[in-house]
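Peer 1: Sequence:
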Amino acid sequence: MQRVLGPMLASLALAACVATPSTGRDGAPAGGISSDNLAAHLRVLASDEFEGRAPDTPGEEKTVAWISERFAAAGLQPAGDDGGWTQAVTLERTAIAGPVRAAFAIRGTRRGLANGDDIALETLHPEGNVDLRDVPLVFAGYGITAPELDWDDYAGLDVRGKVVVVLINDPDFETAPGRFGGRAMTWYGRWAYKYLEAAKRGAAGVLIVHETAPAAYPWATVRNGRAAPQFDIVRADAATHHLPVRGWIQRATAERLFADAGLSFDDAKRAAQQHGFRAYPLRDATFSAAFDVQRSRITSRNVAGLLPGSDRADETVIVSGHWDSFGIGEPDASGDAIINGAVDNATAIASMIEIARVMAAGPPPARSVLFIALTAEESGLLGATHYAANPLRPLATTAAAINMEMWSPDGSTRDISSWGVGRVSLERALQDAAKAEGRTYSTDPNLEAGFFYRADHFAFAQAGVPAITVGPGMDQIDGGVAGGMAARAAYFAERYHQPGDEFNEDWDMRGPTADTTVVLRLVRGIADSAQWPQWDADSEFRGVREASAGERVQR
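All letters in the sequence shown, in the order written, are residues -15 to -1, 1 to 540 by mature numbering (1 follows the signal peptide of the UniProt record, and there is no 0).
Any given hint could turn out to be false.
Quick list of simulated restraints, FRET-style, between CB atoms [unchecked claim]:
(1) ASP102 with ALA244: 31 to 41 Å
(2) ASP417 with PRO266: 50 to 60 Å
(3) GLY465 with GLY166: 22 to 32 Å
(4) SER281 with GLY320: 24 to 34 Å
(5) GLY167 with THR197: 16 to 26 Å
(6) ASP102 with GLY187: 25 to 35 Å
(7) ASP222 with ILE283: 13 to 23 Å
No lab work stands behind these hints, which were simulated from the structure alone.
Ideal placement from N, C-alpha and C gives every residue a C-beta, glycine not left out.
Just need the whole structure built from these sequences, with the hints factored in.
Peer 2: Okay, structure coming up:
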């Protein structure tokens, strides 16, 4: 665990050590993005002093104050509510209070389930404590209804009042490319979709079978993510939007359940991958769960700073990244319980501050640039979702949203990447920016992980704004693609959403520095361009964007 000065002393120390460079050629600050500055920001923001940066904790208070100070020092203007640095984000907070009692039962035999080991439960439902007693279980394959693909796992089965067991990802992940386009995860493969689809059908709950490869993260990530309080935006339809209970079960737990019901989990999974699969009851198996819930309404905050534009100041380019992590979770083998979130996502906040500093020290961009550090990404992109519904600057004249996530400290790469397949002109613009820096652009090498749906740019995209999340490449200069893949696999297995994700003085900052430099060039290019970034013709977001075309000046 990393210990540092108290937050106020740390801020003062940073103010002293983060220099304002002189102006160089083309009005850009000499030296550009500073590795030392990035490391200095990370050393503070990912320290134990910030307690894992969970919303609605003292860690949030320290984080929001520190980012606001850094935005001011970088030369930005406050762009939040009422002339301040923050945008209030009202959230519903739900936390499990006390023990969780859960069990499967079949033919008179009851099998208890240990929360955190066999199962990981949560609820966002607004009414009362959780008390499910002997609720029938059904198996719904991948839990997908996709009319455009002629696929309906729920066809012919009423799941109202039942608990649905489903598989993670989608049917093509482990089979030959089929209706879901191969291994690249679709929206139908995400856990969020599976919960929503079952809730629409009146289910009492969903249990997702965890497997590391199709989920793209280990059980420890699931366990830690559900040990902390859960958050959601305020919804008028919360009682129907959310399931009474939801969660994950280990594959071994699912295998025992199916065996107790006289079924083979492997056979059931293979059948679910075939077109024409239909959901069915798990014989006479039932599920029970009971736990108390503490609910409250809290206010978290996005932090927003503006670099005003010159001749097109009413147009906006958003630069974003989320500041939140998971706070204090379950102790690891060393006893460390603070999930510091150094890579995920203090790296992006550090880069945002550096980009703001460099841009503010140079000539003003034509378009205004809004830097926004978003809350509650780890709870479902909630800060970004709130902003998209309550924008500080009009979305119709927001040219682009450039989000950053999880720079790698494992060595410089020849390439830079973006998450998922966005089908948007910004991907070509990123490629051009990388080329100008002597680097290449690579498409997402882990499409099966569904990263396109797991970052804040997705909330902007759903609102029509051309958006991408930029992340590190994989082709290491000193290790090649194999080295990059090994480093990424080790991070997700050993540190992602775990206490091991903390800053280390041995980090190689050349990679984050080079990546931040490419993003700086990308942002500056969009901000100075007279053109509007566009969704491709086959993008599902193009229609939403075109609805506001009349509000944009076409040049």
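Peer 1: Of all the hints numbered above, which does this structure not satisfy? Sort the numbers upward.
Peer 2: Checked against the structure, the only hint that fails is number 1, while the rest are satisfied.
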